[in-house]
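Q: The primary structure of each chain is shown beneath.
2 protein chains.
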Amino acid sequence: MTGATLYVCTTCKAGEPVPEGAPRPGSRLHAALLAAGAPEGVRIVAVECLSACDNGCTVSLSKPGAWSYVYGRLALDDVPAILEGARRYAATADGIVPWRDRPTVFRKQSIARIPPLEPNS
Amino acid sequence: MTGATLYVCTTCKAGEPVPEGAPRPGSRLHAALLAAGAPEGVRIVAVECLSACDNGCTVSLSKPGAWSYVYGRLALDDVPAILEGARRYAATADGIVPWRDRPTVFRKQSIARIPPLEPNS
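Chains as they are written, first to last, in our numbering: chain H, 1 to 121; chain E, 1001 to 1121.
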């Protein structure tokens, strides 16, 4: 099984005014996810801007041959659910976690998903 | 250069009531894109649900080793711009078209983007 990547947008402002020099909400979410620890089969990677600024904080989940997902409107309280959702995603072959097994935050705050690239593409 | 895939959500309702048995706005957008013809290096592929239902009609652009993009709130009038944007995307190595070269609809109606999978993932 090939590993999944949890990209975390570190530039997200989550609609808040951010004082000059203060860490942005996206950066704080990334730090909290790293501190909590990546589940088996998941890498946590910082990225600057997932172009979903109206829905920050945002993360994406992707892995080879699988559907990719983008989730938004996330906060520090969502860290355990994000990591559990990422763990379940990583354990699938195609990226599709059965609906009932998805954390609530993944059910309700999906922004988009993208199909896997076809082998002949 | 490896080809790009333009996925078109055929289940999008674009916030409209759709009479039973009538083609959905997403399905009509897919048909119009096919009828206009895919640019060189681009495949147009129908997909059921990109999980961006609040922002339909939606399409995504992806190709190996490149950033993927999701665009929303699209209509039949946007067909030429979508195809031109797809052509320019396909012509890049990393999926990043310079801002000034993006069709207006791609500048203003981006829903999200996802980084390429890293080679060691």
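Derived from the structure by calculation, the hints contain no laboratory data. Take these hints with a grain of salt, some might be off.
As the list claims (entries may be wrong) - DSSO-like cross-link-like pairs, simulated, lysine-lysine; straight-line CA separation at most 30 Å: (1) Lys-1013(E) - Lys-108(H); (2) Lys-13(H) - Lys-108(H); (3) Lys-1108(E) - Lys-108(H); (4) Lys-1108(E) - Lys-1013(E); (5) Lys-1108(E) - Lys-13(H).
Stated by the list, open to error - Which stretches of chain E does chain H cover? Using the computed rule of at least three CB atoms under 8 Å from a CB of chain H, they are: (6) 1021 to 1035; (7) 1043 to 1052; (8) 1083 to 1094.
As the structure is a computational prediction, the values presented were derived from the model and not from experiment. Every residue gets a Cβ at the ideal spot worked out from N, C-alpha and C, and that includes glycine.
Q: Run every hint past the structure and note whether it holds.
A: A quick look at each hint next to the structure:
Distance hint between Lys-1013(E) and Lys-108(H) is fulfilled; the C-alpha atoms sit about 19 Å from each other, no more than 30 Å. For the hint pairing Lys-13(H) with Lys-108(H), the CA-to-CA distance comes to about 20 Å; that is within 30 Å, so the pair holds. For the given pair, Lys-1108(E) sits about 24 Å from Lys-108(H) by alpha-carbon distance, which is consistent with the 30 Å threshold. Distance restraint check for Lys-1108(E) and Lys-1013(E): the Cα-Cα separation of roughly 20 Å lies within the 30 Å cut-off, and the hinted pair is therefore satisfied.
For the proposed pair Lys-1108(E) and Lys-13(H), the alpha carbon gap of about 19 Å is at most 30 Å, so the pair holds. For a cut-off of 8 Å, the count of residues in the region 1021 to 1035 of chain E with a CB near a CB of chain H stands at 0, and the three-residue condition is violated. Coverage of the region 1043 to 1052 of chain E by chain H holds in this model, with 7 residues showing a Cβ closer than 8 Å to a Cβ of that chain against a need of three. Remark: the region 1083 to 1094 of chain E is not confirmed as covered by chain H, as 0 of its residues place a Cβ nearer than 8 Å to a Cβ of that chain, below the required three.
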